[in-house]
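J.: The chain contents come next:
2 protein chains.
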Amino acid sequence: MHVVVTGGAGFVGSNLVDALLALGHRVVSIDNFTTGFDRHLDGARRATSFESVRCDLFLEPDRLVELFAGADAVVHLAANADVRFGWDAPRRDLEQNVIVTHNVLEAVRCAEVPRVLFSSTGSVYGETKVIPTPEDAPFPAQTSLYGASKAAAEGYLAAYAEAGTVQATVFRFVSVLGPRYSHGHVIDFVRQLTRDGGRLTILGDGTQRKSYMHVSDCVAAVIGELTSEERFQVLNLGVDGYCTVTESAKWIAARLGVEPELHFTGGDRGWIGDNPFIFLDTSAARARGWQPRHGIRDAVESTVDYLLANPWIVDATA
Amino acid sequence: MHVVVTGGAGFVGSNLVDALLALGHRVVSIDNFTTGFDRHLDGARRATSFESVRCDLFLEPDRLVELFAGADAVVHLAANADVRFGWDAPRRDLEQNVIVTHNVLEAVRCAEVPRVLFSSTGSVYGETKVIPTPEDAPFPAQTSLYGASKAAAEGYLAAYAEAGTVQATVFRFVSVLGPRYSHGHVIDFVRQLTRDGGRLTILGDGTQRKSYMHVSDCVAAVIGELTSEERFQVLNLGVDGYCTVTESAKWIAARLGVEPELHFTGGDRGWIGDNPFIFLDTSAARARGWQPRHGIRDAVESTVDYLLANPWIVDATA
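Chains A and B, in that order, give the protein sequences.
The working numbering puts the first residue of the first sequence at 356, with every later residue one more than the last.
The working numbering puts the first residue of the second sequence at 356, with every later residue one more than the last.
For the record, the hints were derived by calculation from the structure and aren't laboratory data.
From a predicted model like this one, the values you see are computed outputs, not experimental measurements.
There could be a bad hint or two in this list.
With a straight-line Cα cutoff of 25 angstroms, these simulated SDA-like cross-link-like pairs (lysine to any residue) come out [to be verified]:
1. 484/B - 585/A
2. 605/A - 560/A
3. 484/B - 485/A
4. 484/A - 518/B
5. 484/B - 639/A
6. 484/A - 587/B
7. 484/A - 485/B
8. 605/A - 648/A
9. 605/A - 539/A
10. 484/A - 588/B
11. 484/A - 586/A
12. 484/A - 605/B
13. 484/B - 493/A
14. 484/A - 584/B
15. 484/B - 586/A
16. 605/B - 521/B
Working from the sequences, and respecting the hints, build out all of it.
T.: As C-alpha cells, then:
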C-alpha cells in the first residue's frame, strides 16, 4: 500500500512509519517538525520507498491534495498532543487539531483517498461515569480544550464518512508510552529524578488512575485497520487495567535506582481538565483481532529505559 | 440584566431580542447581516435600552471583548444554520460555527462575562437509535457538517465551563418555526406552492419524521435559563411528538388553500446527512419548569401565515 502519515516524525508517527516500511509499504511522512524530530526518521530514510516532506498542515493546506494523490490511506496523527497546557494558548488545539483535521479531510476528499485513520483520545469521554468506558458511552461533556478539539475532529471524520467520500477509523488512545516518547508525566518524572533523585513533585494527590499503552501496540492496531471495510468505526485502544500516578512514579524511581520523597501539589486532579480516572473498554478492538502485548508497568519501564538511552530527547523537550 | 445576543438580527435572535426588551433587559445585538435582516430589529430600535452592532464574529474577533464588556450573559445564536447545503461549502460550518464559537468563548473569558447560552441542535445526535433522544444518549457519530460543527462548538463550551471561567447552557433545538423564519422546508414548500399550487416536489420519500417547535417556546426556554446556577448544562428543546414531511406538506398546502400533486425525489433521506427521524426527549428542560405552548401543526401553520403576510422574506431568501 501507499500510506501517508501526518506527524510522521512524531512519537507514534515515526514508530508507525518504521513498521509500515518493514512490511514493505510505500510511506510518505508529512511533518512540520515543531514537535517531531528529524532524527526519528534516520532509519526510515534508508528505505527507498520512504519520503519525508516538511509541510505545515495548518499554514499550507493547499499543498495537501498533491501530497495525498495516489495514496491508499492517510493516517492522520499530526496534532497538538498536549492535554495539560491547553489554557496557555487557547487557540492552539483549535488550529492544530480541529482546523488541521478539516484541512486533511478536505484534501483526502479532493485527492479521492479511500481511507483515513485518525488518532483521537480517551480524553473525549471527559469525566465519564462508565468505567471501563466503551465507545458508545453516554454523550460526554468535554473537560479540556484538547479533548474538545479531538471530539470535534472525530465529528468531522464521521460527517465525511457519512457523505461517502472516505472510509474512516477513529482510534481513541489512552496515553501512549515507549521508544521516542517525548512529553507527559514519565519524561517529567525522569527529568526531575535525574536532577535530584531525592525528591519528586507530583501534580494532584497521586491517586489519579491512568491507563497507558505501549506504542508498538498502538502501531499494530493502526496497521490492522488499514484494510478495514467499515465505513466509519471508532475503536478504543488501551490495556486491561490502570495504575495510580503514585504507582507509576514508584516504578519510574525504581527503574532509575532512586528512592525520592514524594511531594504532592494536592487535589484529585493534576490540572484543569485532568481526568481522575481513565480506563477504556477495548473489547471492540479485541473482537477485531487486536490485543496489546505490553502491560502498563512494562510500558512505563521501557519508556524510562528509552529516555536513559536517549538523554537528548529529555534535553530537547525541557 | 445586560444581555448580548449574537445573531440578534436573525430568526431566533430577533425574537429573543424583542422578548428580552419587553422584560426590561438591556440588550445588545451583534450581527453581520449575512442571513439576518435589519428590519427584524425595527421594533427593538424603539427601545432606548437596545443597541444593534454590525460585527462579523469570524472576521473581527478582536472587537468582541469590548462589545461583551459588562454583560451579564452572552446568548450565542449566530451561526450558519443551514444543514442541507453543508457540502456546497465544506469550510463554512467550520468557520461560522466552530471557529466563531471559539472566538466568542475567548472574548467571554477575557471580558469576564459570567454566563453563555448557546443554540445547538438535535442534529448532534446523528442517527441515534434512542428515540425520543435524551441528552445523555450514546456518544453519537455525526452525519452532517452542520451537526459536526455544532457538536464541536458544544465541546468547547463544556471545556470553558470546566475551566471555571464561565457558566454555560447548551440548547439542542429541533427545527424552529414561527415569525421571521427564513429557511428550511416550510419556506421551500410555500415558495413552490405560491408559484404553482398544483405540484409540490418533496426531497426524499416524505416519510422522514421530524419534530418542530415554535420560536416563542424556544425564546422562553433561553430566558428561563438566563439565571441558571448550573456550571454546564445541556437541554433538549422540542415538542411532544413528530410528523412526517408529507404530513407537514399537506398542512402547508391546506393553509394555502391548494391541493398539489406530491412528487417525491425518493430515498429515505432528503439529502446527505438528512436525519430520517428526529424526536428529542425534553424531560430535563420540563423538569426545570419549561414547557412548549405550541404543537407542531400550530408551529407549521403560524409559519405559513407569517410567510403569506411577509412575502418579502420569501423573495429575499429565494
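J.: The structure should be examined with respect to each hint, and the outcome stated for every one.
T.: Hint by hint, here is what the structure shows:
1. 484/B - 585/A: 19 angstroms, holds
2. 605/A - 560/A: Satisfied, since the Cα-Cα distance of roughly 14 angstroms is no more than 25 angstroms.
3. 484/B - 485/A: 19 angstroms, holds
4. 484/A - 518/B: 19 angstroms, holds
5. 484/B - 639/A: Roughly 19 angstroms separates the two Cα atoms, so the pair holds.
6. 484/A - 587/B: 16 angstroms, holds
7. 484/A - 485/B: Within the cut-off at roughly 19 angstroms; holds.
8. 605/A - 648/A: At roughly 22 angstroms apart (the allowed maximum being 25 angstroms), residue 648/A and residue 605/A satisfy the hint.
9. 605/A - 539/A: 16 angstroms, holds
10. 484/A - 588/B: 16 angstroms, holds
11. 484/A - 586/A: At roughly 29 angstroms apart (the allowed maximum being 25 angstroms), residue 586/A and residue 484/A break the hint.
12. 484/A - 605/B: 46 angstroms, violated
13. 484/B - 493/A: 13 angstroms, holds
14. 484/A - 584/B: 22 angstroms, holds
15. 484/B - 586/A: 18 angstroms, holds
16. 605/B - 521/B: Violated - the C-alpha atoms of residue 521/B and residue 605/B are around 45 angstroms apart, more than 25 angstroms.
When held up to the earlier numbered hints, the structure conflicts with 11, 12 and 16 and fits the remainder.
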